[in-house]
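Peer 1: With these hints in hand, go ahead and build the complete structure from the sequences.
For reference, the chains in residue letters:
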Amino acid sequence: MSTNINYGDTAWILISTALVMLMTAPGLAFFYGGLVRRKNVLSTMMQSFFLLCMISIQWILFGYSLAFGPDIGGFIGNLSWIGLKGVGMLPNPDYAASIPHQLFMVYQMMFAVITPALITGAFAERIKFSTFVVFSLLWATLVYDPVAHWVWGMGGWLRTMGALDFAGGTVVHVSSGISALVFALMIGKRKGYPDNVIPPHNMTFTLLGASLLWFGWFGFNAGSALGANELAVSAFIATNTAAAAAALTWIIIEWIIAGKPTVLGGATGAVAGLVAITPSAGFVTPISAIFIGILVGLVCYTSVVVIKQKFKYDDSLDAFGVHGVGGTLGALLTGLFAQKIVNAAGNNGLLFGNPSQLKIQFIGVIATIGYSVTVTYILLKILDKIMGLRVEEKDEMMGLDNTQHKESAYTLID
Amino acid sequence: MKYVIAIIQAYRLEEVKQELYKAEVNLLTVSEVLGHGRQKGVTEYYRGIKENGNLLKKIKLEIAVNENFVKPTIDAIIKGARTGETGDGKIFILDLNECVRIRTGETGNVAIG
Chain A
1 MSTNINYGDT
11 AWILISTALV
21 MLMTAPGLAF
31 FYGGLVRRKN
41 VLSTMMQSFF
51 LLCMISIQWI
61 LFGYSLAFGP
71 DIGGFIGNLS
81 WIGLKGVGML
91 PNPDYAASIP
101 HQLFMVYQMM
111 FAVITPALIT
121 GAFAERIKFS
131 TFVVFSLLWA
141 TLVYDPVAHW
151 VWGMGGWLRT
161 MGALDFAGGT
171 VVHVSSGISA
181 LVFALMIGKR
191 KGYPDNVIPP
201 HNMTFTLLGA
211 SLLWFGWFGF
221 NAGSALGANE
231 LAVSAFIATN
241 TAAAAAALTW
251 IIIEWIIAGK
261 PTVLGGATGA
271 VAGLVAITPS
281 AGFVTPISAI
291 FIGILVGLVC
301 YTSVVVIKQK
311 FKYDDSLDAF
321 GVHGVGGTLG
331 ALLTGLFAQK
341 IVNAAGNNGL
351 LFGNPSQLKI
361 QFIGVIATIG
371 YSVTVTYILL
381 KILDKIMGLR
391 VEEKDEMMGL
401 DNTQHKESAY
411 TLID
Chain B
415 MKYVIAIIQA
425 YRLEEVKQEL
435 YKAEVNLLTV
445 SEVLGHGRQK
455 GVTEYYRGIK
465 ENGNLLKKIK
475 LEIAVNENFV
485 KPTIDAIIKG
495 ARTGETGDGK
505 IFILDLNECV
515 RIRTGETGNV
525 AIG
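Same order as they appear, the protein sequences are chains A and B. Using this note's numbering, you'd call the opening residue of the first sequence number 1 and step up by one each time. Using this note's numbering, you'd call the opening residue of the second sequence number 415 and step up by one each time.
Hint data in this document are derived by calculation from the structure and do not stem from the laboratory. No false leads were mixed into what you were given.
Here are the simulated PhoX-like cross-link-like pairs (lysine-lysine), alpha carbons at most 25 Å apart as the crow flies:
id: 1; chain 1: A; residue 1: 191; chain 2: B; residue 2: 431
id: 2; chain 1: A; residue 1: 394; chain 2: B; residue 2: 504
id: 3; chain 1: A; residue 1: 191; chain 2: A; residue 2: 381
id: 4; chain 1: B; residue 1: 474; chain 2: A; residue 2: 406
id: 5; chain 1: A; residue 1: 394; chain 2: B; residue 2: 431
Peer 2: Given below as structure tokens:
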């Protein structure tokens, strides 16, 4: 066994892996599950839970090789690490020099799991489960794996260009958020939307889920330091600070505009803050994190409350409004607020004398959006022809728990 | 005055509500109930174990109406709730002796509307 392994680092990344796992189920499952109606809560939670199972296997078999394997033209990894061939306990210094290569692999697995799960917010309460399964597997393989390679893979073109994405702002949030918008537009609105308000059935679930996401996000961001070190501490603080600032911002805007501070506003604001700080968590000071939190609170509030209402698309649980918009803003703000004093391996942003970083960040976002939109659109066109995207109207009215899973979440008596 | 009680498929509630609004019947009490008719409920599976005769989730509507609104109310419920399949439900119409509006103490026809 290599003497380069640092067991403090290894312990921290093991814990971080479990923390990121927690974000998908129960974190996202409860966050989204509370937001839907009683008749759809199980189907919504099942989507997150099922992805944890399916992508775990996809990643071992070929996903990790496509994302992190030896480079093909800067675009994708090759298949030489298929089934984890050659991915052992020796560290891979290209990715993480002080922990076993397999630990880096499984840590990244949890990112691959949560990304398609984020999209489920866009098609909640009307998706056919079988179509969801096929779409998610294809999306993870054809969108997530290549984009992860561009940004994080050795030889990936955005990594080579110097794009900064500490924990996955573009890879995770921009890619899933923009794909969510495409999905929402193509599957169409839920029956009754937007004329009849479709209220969340259990806000306590939503707050529990949002808080679990916040907790898990320490693994997501501070874990991305890939070591138990000063950088992890810095990312941890930036993460917490941005979440708090964004939640406060959202609550205050609501209080002023709508008259009352709401739980859902606080929960949504916190998630928006976590999304926005993701790409910059390891590059910014706590004071910059406050600014990032405030900005994303303002922008995501506008996108969810104003823009969505105006254009009347049914991004049911705001996967685009929070992750797409917040992720894009976060990636660009990284190009403003990044500082080499925080992380020597990073770069300075526009505010610290390096305007070209913003340009690189911009290219990264545009490429991710363009690629994700195109592939998602083609996938959905094909699946719509072969399988159909949404359930029958009657099934939608009866609820997906009953019609897709033959179960009900709550009993009335007994 | 009549008291209309209807048991309908839970998923038809939205449609029935819309039809009732169209008929200008705006007074409505809704509860979630369990029950079954001649088919004796549904079969569900839990961890592979088959359970027969489970009670079905239904919605109970209760509407107090003056005589001239009885037919529009029943028509609206049927229009919204009928799918043509078993389990569409039933409507019961009862005579209503008295009605009191708590706020004002008014009684009879005035109190319903």
